[in-house]
Structure formats: C-alpha cells, structure tokens
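> For chain C, the structure is supplied; the task is to place chain X on it using the hints.
Residue strings, one per chain:
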Amino acid sequence: DTAVSQTPKYLVTQMGNDKSIKCEQNLGHDTMYWYKQDSKKFLKIMFSYNNKELIINETVPNRFSPKSPDKAHLNLHINSLELGDSAVYFCASSAYGDSPLHFGNGTRLTVT
Amino acid sequence: RKEVEQDPGPFNVPEGATVAFNCTYSNSASQSFFWYRQDCRKEPKLLMSVYSSGNEDGRFTAQLNRASQYISLLIRDSKLSDSATYLCVVNGAGKSTFGDGTTLTVKP
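From first to last, the protein sequence lines stand for chains C and X. If you're matching positions, the first sequence starts at 1 in the working numbering and goes up one per residue. If you're matching positions, the second sequence starts at 1 in the working numbering and goes up one per residue.
Hints listed in this document are in silico derivations from the structure and should not be mistaken for laboratory results. Some hints here could point you the wrong way.
In silico lysine-lysine, BS3-like type, Cα no more than 25 Å apart, as pairs [unchecked claim]:
id : chain 1 : residue 1 : chain 2 : residue 2
1  : X       : Lys79     : C       : Lys22
2  : C       : Lys44     : C       : Lys67
3  : C       : Lys40     : X       : Lys95
4  : C       : Lys36     : X       : Lys107
5  : C       : Lys52     : X       : Lys2
6  : C       : Lys9      : X       : Lys2
7  : X       : Lys95     : C       : Lys71
Covered stretches of chain X (in silico footprint by chain C; criterion: 3 or more residues with CB under 8 Å from a CB of chain C, positions within the stretch not fixed) [what the hints assert, rightly or not]:
id : stretch
8  : 20-28
9  : 45-58
10 : 77-86
Cβ atoms here follow ideal geometry from the backbone N, Cα and C, with glycine treated the same way.
Bound conformation, chain C alone:
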C-alpha cells in the first residue's frame, strides 16, 4: 500500500494554464506539506497543513493555492503557470510537526 501518493507523476503544460496536483496519505498523519525541488535540486517548503489548517506559507506567490478537504488530503492548485514554476513538487506527511517526513514520489511539472 502506498503511504503518500500524489498524482499526476508528470505534468507538461503551457504558460498561462491552470493545473492541480493531488496528494493523499493513508498513514493517519495530522500534518501534510508541499515542497518544491528546483533544477538545482534544492528542496524548499511551500506549505504546511495541520489537520486541515494552514500552518506554514513560505512566501509562495498567491498563484499557488493549497486546499485540504480533510487531514488525509492536500491538493495544490496553480494558476497562470509560468516557466519558473517548472520543478518537481513533493507532497509529504508527518505524524506531528517535528517528526520525520514521508514523501510522495513527486510530480514533475514542465511549463513550456
């Protein structure tokens, strides 16, 4: 059973489009995250949710809007995609804020 699953695995789209990435975890964790890994492989936190409540928003452009319908799901919607949004986006979860993270296998977004 996959612990943290995200879809799609690959996403290729044109500038200006709107796209969504979905994430689900079956670990019973309270906290979920979105991380962005750019072309230089640097991994940066974007958002953190605890039990559906936004905890961390790391100065991400408001074109990015996370949504957590319940504590097992955290989706990411991106409006008006730009070339610089091309990256791998990882969803993750943890039992509580300072415990280890469990990552999904990533969504490779390419904006052309």
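Relative to chain C, chain X alone:
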C-alpha cells in the same frame, strides 16, 4: 546565512572507503534532526534520526553536537549502492528545513 548548510561535494570515493558528511544549522531552538537519502529522480527517504548521544545503524553513524550546532553522518565500508544525495534536515516549530544536499558517488 542559510538556516542549514551542507558541504555540497561531490564526494567521489572508492568502494570500502569511509566518508563523512557535515551539516551546520543556525537556529539554536531546533528540536529534531535527521539525515535523508535521495536517489536520482526519486523522493527523499528517511535514513536515520540524529541524537546527541550519537546513533548507529549498521555502517551508518549519526552525531549531533548542539553546542556547536553541527550534525554529522559517517558511512563506513562504502558500497556502490550508497551513491546518492544525502540531505540533513533540521526541525523546529513544525517546520523541516533541508540542507542543499551532499552528493556521494561510490566507484568500483
């Protein structure tokens, strides 16, 4: 100054070598510490937690020095399969901050 700093490497070592990675962090209030491993085009995976008393898992030893705000990872008897990027992670206030990673290549 970055919150978490790692030597980026790359480290290129022969099989059987011992290699050490270091990491420093700036926030003295940080509460928990980890090493992750990331293979090419894969997600990061937890390698081990890091404690002040030091902890060992087979060929891997992790150490935390809170006074110096320093974390280390020692890999003994390197295997080809150890080739990966190693990320140190510092947690505090519900946030995990990743170092930029150290790339290790183990050669035959």
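> Take the hints in turn and mark each one as holding or not.
Hint by hint, here is what the structure shows:
1. X/Lys79 to C/Lys22: Violated: X/Lys79 and C/Lys22 sit about 36 Å apart, past 25 Å.
2. C/Lys44 to C/Lys67: holds, 19 Å
3. C/Lys40 to X/Lys95: The hint holds at about 22 Å.
4. C/Lys36 to X/Lys107: Cα-Cα ~30 Å, so violated.
5. C/Lys52 to X/Lys2: Given that 25 Å is the threshold and the Cα spacing comes to 30 Å, the pair is violated.
6. C/Lys9 to X/Lys2: Not satisfied, since the Cα-Cα distance of roughly 30 Å exceeds 25 Å.
7. X/Lys95 to C/Lys71: Measuring from Cα to Cα gives roughly 17 Å; hence the hint holds.
8. 20-28: With 0 residues closer than 8 Å to chain C, the stretch 20-28 of chain X misses the three-residue bar; violated.
9. 45-58: holds (count 3)
10. 77-86: violated (count 1)
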